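Undergrad: Just need the whole structure built from these sequences, with the hints factored in.
Just so you know, the protein sequences line up as chains A and B, in that order. With the working numbering, letter number 52 in the first sequence gets 52, and the count goes up by one each step, no holes. To convert a position in the second sequence, counted from 1, into the working numbering, add 1000.
No wet-lab data here; the hints were simulated from the structure. Values in this document were obtained by computation on a predicted structure and should not be read as measured data. Be careful, since some hints might not be right.
[Said to hold, decoys possible] Straight-line distance between alpha carbons at most 25 Å, and here's what the computed DMTMM-like set of lysine to aspartate or glutamate pairs gives:
#1 B:K1485 <-> B:E1773
#2 A:K274 <-> B:D1012
#3 B:K1322 <-> A:E40
#4 B:K1322 <-> B:D1388
#5 B:K1642 <-> A:E40
#6 A:K234 <-> A:D76
#7 B:K1322 <-> A:E285
#8 B:K1631 <-> B:E1651
#9 A:K208 <-> B:E1439
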Amino acid sequence: MAQTQAGTSGLGHNALPRNPGTPLTTAWFEGHQVNTSAAERRAATLTTRRSVKKEYQAAWLVKALQCIDLTTLAGDDTPGRVHRLCAKAMRPLRDDIVEGLKLAEMPRVGAVCVYPSMVPHAVRALQGSGIPVASVATGFPAGLTPLPLRLAEIKYAVEEGAGEIDIVIHRAQVLRQEWAALYDEIAAMREACGPAHMKAILATGDLKTLRNVYKASMVAMQAGADFIKTSTGKEEVNATLPVSLTMLRALRDYGEATGFQIGFKPAGGLKTAKDAMSWLILMKEELGRRWLEPDLFRIGASSMLADIERQLEHFITGRYAALSHHALA
Amino acid sequence: MPTVSEVLNTMDYGPSPEANGHVKEWLAAHEKGFGHFIAGSFTASNAPRMDVFNPATGEKLASVYNGKAADVEKAVQAARKAFKSWSALPGFERARHLYALARHIQKRERFLSVLETMDNGKTIRESRDIDVPLVARHFYHHAGWAQLVETEFKGLGPLGVCGQIIPWNFPLLMLAWKIAPALAAGNTVVLKPAEFTPLTALAFAEICTEAGLPPGVVNIVTGDGETGAALVAHPDVNKIAFTGSTEVGRLIRAATAGSGKKLSLELGGKSPFIVFEDADLDAAVEGVVDAVWFNQGQVCCAGTRLLIQEGVYERFIALLTKRMQSLRVGDPLDKSNDMGPLVDPVQLARVRALVEKGKAEGGTLIEAPCPLPPKGNFFAPSLFVGVDAASTVMREEIFGPVVAAMTFRTPDEAAAIADHTRYGLAASIWSENINVALEAAARVKAGVVWINSTNQFDAAAGFGGYKESGFGREGGREGLIEYLKPAGKAAAVSAAKAAKLSGAPSPLKPASAAAIDRTAKLYIGGKQARPDSGYSYDVTNARGQLIGQAGLGNRKDVRNAVEAALKASAWGSASAHNRAQVLFFIAENLNARAAEFAKRLVEAGATPRAAAAEVEQALRRIFYYAAQADKFDGRIHSTNAKRQTTLAFHEPYGVMGIICPDEAPLLALVSLLMPALAMGNRVVLVPSQGQPLIATDFYQVLDTSDVPAGAVNIITGQRDELAKTLAEHDEVAALWYHGDAVGSASMEKASAGNLKVTWVNQGVAVNWADDAEAQGREFLRRATQVKNIWIPYGE
Chain A
1 MAQTQAGTSG LGHNALPRNP GTPLTTAWFE GHQVNTSAAE RRAATLTTRR SVKKEYQAAW
61 LVKALQCIDL TTLAGDDTPG RVHRLCAKAM RPLRDDIVEG LKLAEMPRVG AVCVYPSMVP
121 HAVRALQGSG IPVASVATGF PAGLTPLPLR LAEIKYAVEE GAGEIDIVIH RAQVLRQEWA
181 ALYDEIAAMR EACGPAHMKA ILATGDLKTL RNVYKASMVA MQAGADFIKT STGKEEVNAT
241 LPVSLTMLRA LRDYGEATGF QIGFKPAGGL KTAKDAMSWL ILMKEELGRR WLEPDLFRIG
301 ASSMLADIER QLEHFITGRY AALSHHALA
Chain B
1001 MPTVSEVLNT MDYGPSPEAN GHVKEWLAAH EKGFGHFIAG SFTASNAPRM DVFNPATGEK
1061 LASVYNGKAA DVEKAVQAAR KAFKSWSALP GFERARHLYA LARHIQKRER FLSVLETMDN
1121 GKTIRESRDI DVPLVARHFY HHAGWAQLVE TEFKGLGPLG VCGQIIPWNF PLLMLAWKIA
1181 PALAAGNTVV LKPAEFTPLT ALAFAEICTE AGLPPGVVNI VTGDGETGAA LVAHPDVNKI
1241 AFTGSTEVGR LIRAATAGSG KKLSLELGGK SPFIVFEDAD LDAAVEGVVD AVWFNQGQVC
1301 CAGTRLLIQE GVYERFIALL TKRMQSLRVG DPLDKSNDMG PLVDPVQLAR VRALVEKGKA
1361 EGGTLIEAPC PLPPKGNFFA PSLFVGVDAA STVMREEIFG PVVAAMTFRT PDEAAAIADH
1421 TRYGLAASIW SENINVALEA AARVKAGVVW INSTNQFDAA AGFGGYKESG FGREGGREGL
1481 IEYLKPAGKA AAVSAAKAAK LSGAPSPLKP ASAAAIDRTA KLYIGGKQAR PDSGYSYDVT
1541 NARGQLIGQA GLGNRKDVRN AVEAALKASA WGSASAHNRA QVLFFIAENL NARAAEFAKR
1601 LVEAGATPRA AAAEVEQALR RIFYYAAQAD KFDGRIHSTN AKRQTTLAFH EPYGVMGIIC
1661 PDEAPLLALV SLLMPALAMG NRVVLVPSQG QPLIATDFYQ VLDTSDVPAG AVNIITGQRD
1721 ELAKTLAEHD EVAALWYHGD AVGSASMEKA SAGNLKVTWV NQGVAVNWAD DAEAQGREFL
1781 RRATQVKNIW IPYGE
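TA: Take a look at the structure:
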């Protein structure tokens, strides 16, 4: 299996050919059926069909850690807070745990994800670490500021050194099934991203139906998204397994049609090590081993890391750990 | 154990075995072998012992008795003894016992799951997440029925001792399906678990003890087919409930013929799994996994005939083949395995043989690429393509993890292929179009239909088949009634034997001279038809006077009548209102000719007063069933899932044979014919042998009442000979017989051919004038079979 850890900040998230997008091709998604109760059944039983224990579980949790986009997206974010988060991103585990796991080196998270105005602080803090800075943009989280402003925001973040841009789509265009408008906006965003990789946040909690989720996923990929991402974390319902399942199937279908591998990022509501395991199992079962690497899989999370640390400590010591024994993010 | 760094590269699941220490200790404690569980304790026997093996490893787990008739005798005696007090308990008391059983099953859930997995080979995920929770659910649900049975089923009571024989594919779940309703209704039980998988039944026996169930209410006798046969043959058993193969079901039907034992059979299947082009194909692919690679495909209702609309066939097979790549087969105690071993080397050999035959016939086998353990009865999840409707693997129940796929072009063709089978247990239908899905569900002849889902089970819904998949239901209201009978004593007046008829000219003079001679004919396909034999027989009245001649119908007339009835399928799909209208119209036209029918009855020997009363009551009875035609509704079951509705439809059987008794020639005829017609059946009716002229007059009433041609066919003649032809006819789905005891037995026996549903009088005459006995919902229930359609919804 090729090692495809993300490259240096600003140079994109993997060595795979980038998705150039396709012309808008509605035939790929109009009429596509998603049966909600069947998707729910698959999601509900998926994680009961596989179980990962002991060394395997520890390894899987390290893998989850490597896929985390360690995130702070709050109104009270400050340079200091971002600095602290970046420090945690570079040293996510205590040394004794790294040793106990017999890892060759300190693992690191997939990226640090912040608001555009925090990008320069994050870039500075992560300098030399190889950890990319991801920035949300385009009027996050609602995405309802005028398009030129949304595009300008992307350009600002890229100029400040963000290697990955998490854009939000214009939900009204999905709810009104305005595919051409949606496609044009996302394509414009992709152009604005330039070399930075683009994750398209569908805000699936707003789209409501799984068929909308499938269609929006397809349009985003056709418009050139490198990743598709579930949620901003600000919708009423965040990442769920049925929504993720639907997006993975869209991603698979797009890959079959074009040959390009697209990444997936669930975000919002993933808090525990158990959540991490559930999504890793989902990725492996639906897409295979290749999608368990951070260049094709990210988890948008802030508190999950702390739970993973505790579980790993338990694996090593056999004792249940206290949260306060691990460094604060 | 690899290092964390190594796993970071492979990202394998690794082993995840469920611990089985508690079960091993239990088995060690029973190392000397299990006794039969009779009258509340494990009892010794001089029967030989047989060993029970773990199918994943081939290791011996335990030994049990191979029970003999003497063991069955003891168990039946214990059950009979316990019946008296158990059936007399108030519903609340029985409910408390069933509730305790449910609770104790939950307390022992993991123990039972692990034991089931070791004994049967099903994965721990299934035993833990599906089987055992459904077992507990079944006891909870029936604790409720125990509480309610007196008020919800007024006038009905328990049967007595129930003999129950269960298969090895869902050992504990099938036990629950059998025991819970039997006990709720007030019966006691002798249950024989399958010879391969007796262990969870024996653990359940201990649970009965720890839950405080009175001794003798549940008795468990271990053994093989001969033990089962002894139970079936036991004269003091009131009901046999069997789940297993169609072949054995036929034997049991024949063996119990004439015994008066109530019978329910849940048999084999080759269920269609229909994927329309507008389905969510990924969802349907998961459906196949849950249908055929669930429990190693050892599932009677498995959707093993994959019918895919031609336009999406390639895509579907590609998706399915890809999905097969992630299936895992191995140690069933490993929590990451999708499939374990087949139950026994015998079963493995059978599956292999059928698969070889499929290949030899030109089918292409696609196997899941997962590695199989070198030891144990493992078989890879498999898919046959390049097969057609005539292929063995498309027709025969394989009872293994093998599905066969073929295409169809239109919904009509899907329905035709789906029903082109001797079985009718289940169907799974995949479409996002409500019209397509419900139409297919309505048309398919199967007892259980799952729309956009598969293998869903719940205690609140009936489970059971059409056609040769058996009869009777398990679960829900329709399942409970299989363990009840009318309370109180039936008046045991023996029905008359039919006289031997002659086609030779009579030496008798007619009782009265008709102005113009009348010829009574047979009535087939809406037309009067001369009997094929060319013979007529003399009809005499009660005083022995000649009153006319009737056609001496024969096999060919029956054949023609069944053909005509088959063609009249529109009657079954007519609206209930439409059928009601026709029945009311029959009454209207009979009323217009009431005097004439009364005269016929007088001619036959009735007093004028009795004759007038019979006609009057016949009119009322027709009105009753006309009224019921659009009111004998199905139900919506409260199955245990959100955003799902389970509709229990009352569907007609199709073509029914009805054999009328000699007595009450008009009233008995309408009492039997009208409920069958009201529910949408087409009928081939053999009227009173002694007084057939009422029936041959009656067809003129039918003719004037908009009854479609073929919906009712009337064949006069030698009752038991015609009845036997009907009983043996494979297109006749149900048979009601009112004759003598010998005839009843022979009808039940002859019905085993296509396992048609029979309702015979066992030689006991019915008082047709008594509304309580000869009219009511029971007649409608007997004229219908329940189809449960599961409809999940949600966007």
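Undergrad: With reference to the structure, classify each hint as holding or not holding.
TA: Results of checking the hints against the structure:
1. B:K1485 <-> B:E1773: holds, 13 Å
2. A:K274 <-> B:D1012: It holds: about 17 Å lies between the C-alpha atoms, which stays within 25 Å.
3. B:K1322 <-> A:E40: holds, 21 Å
4. B:K1322 <-> B:D1388: holds, 22 Å
5. B:K1642 <-> A:E40: OK: K1642 (chain B) and E40 (chain A) at ~11 Å, within 25 Å.
6. A:K234 <-> A:D76: holds, 15 Å
7. B:K1322 <-> A:E285: Holds, at roughly 11 Å.
8. B:K1631 <-> B:E1651: Within the cut-off at roughly 13 Å; holds.
9. A:K208 <-> B:E1439: violated, 29 Å
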